Amino acid sequence: GENVEQHPSTLSVQEGDSAVIKCTYSDSASNYFPWYKQELGKRPQLIIDIRSNVGEKKDQRIAVTLNKTAKHFSLHITETQPEDSAVYFCAAMYSSASKIIFGSGTRLSIRP
Amino acid sequence: NAGVMQNPRHLVRRRGQEARLRCSPMKGHSHVYWYRQLPEEGLKFMVYLQKENIIDESGMPKERFSAEFPKEGPSILRIQQVVRGDSAAYFCASSPGQVGTDTQYFGPGTRLTVL
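Chains A and B, in that order, give the protein sequences. Going by our numbering, the letters in the first sequence line up with residues 236 to 347, in that order. Going by our numbering, the letters in the second sequence line up with residues 9 to 123, in that order.
Accuracy of the hints is not assured; some may be wrong.
Claimed, not checked - Beta-carbon label-pair distances, calculated as ranges: (1) 25/B <-> 250/A: 45 to 55 Å; (2) 35/B <-> 277/A: 17 to 27 Å; (3) 244/A <-> 84/B: 32 to 42 Å.
Stated by the list, open to error - When the alpha-carbon atoms are kept at most 20 Å apart in a straight line, the in silico DMTMM-like pairs for lysine to aspartate or glutamate are as follows: (4) 292/A <-> 274/A; (5) 52/B <-> 64/B; (6) 52/B <-> 274/A; (7) 257/A <-> 49/B; (8) 277/A <-> 48/B.
FYI, nobody ran anything at the bench for these hints, they're computed from the structure. Note that this is a predicted model, so its numbers are computed, not measured. Glycine residues also receive a C-beta, built at the ideal position from the N, C-alpha and C atoms.
Take the sequences, apply the hints, and build the full model.
Okay, here's the thing in structure tokens:
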């Protein structure tokens, strides 16, 4: 069935270092992959997204890569800052429907 | 341009009561999605609606749960005879519904507590 696996579940990095979160998806027909950031008690907020016809996308300190053959996609945050601390969710949208299937989330902590 | 609105933000119900959660999509958005988030877990898809139509309800429990998006007014997620396991944050998202505009924008959520 439709599934998105996300790793790691928790991640702690030193301020200024990079953080990488990895996801895999099961349905090869997926064509849209958003990433959401959720702070405690707040709504999920879209931080970056990528479509299946693109291999990489970058927005300032955030980048996402997509390997369609391996069905992997990753989020890269460089020069991490304290405000990057949050739970990050990867997701995939399946071509057969417009629902989003979310990964289980990664709790990112930035150590000062 | 106001974002996705949800109310109430917090809702407390006793077991057996009904819960009604409301969602007003962003202006110009015709597609609404409901997701449920249990404590310390990810978001799970429940239902996808367009005006006056349920498009996909594959994630919604068959009993006690229903959703609508009438021609006028907000989308409503209704939970009848609530049980403790229904306690969760319920998020609504909306999208324009046009080809190439898949981005879903989330509301602030309704936190349902069942006593």
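Status of the hints after comparison with the structure:
1. 25/B <-> 250/A: 45 to 55 Å: Hint holds: Cβ distance 47 Å, inside 45 to 55 Å.
2. 35/B <-> 277/A: 17 to 27 Å: The hinted range 17 to 27 Å holds for residue 35/B and residue 277/A, with Cβ atoms some 22 Å apart.
3. 244/A <-> 84/B: 32 to 42 Å: holds, 34 Å
4. 292/A <-> 274/A: With Cα atoms ~23 Å apart, residue 292/A and residue 274/A exceed 20 Å; violated.
5. 52/B <-> 64/B: holds, 13 Å
6. 52/B <-> 274/A: Within the cut-off at roughly 18 Å; holds.
7. 257/A <-> 49/B: It holds: about 17 Å lies between the C-alpha atoms, which stays within 20 Å.
8. 277/A <-> 48/B: holds, 13 Å
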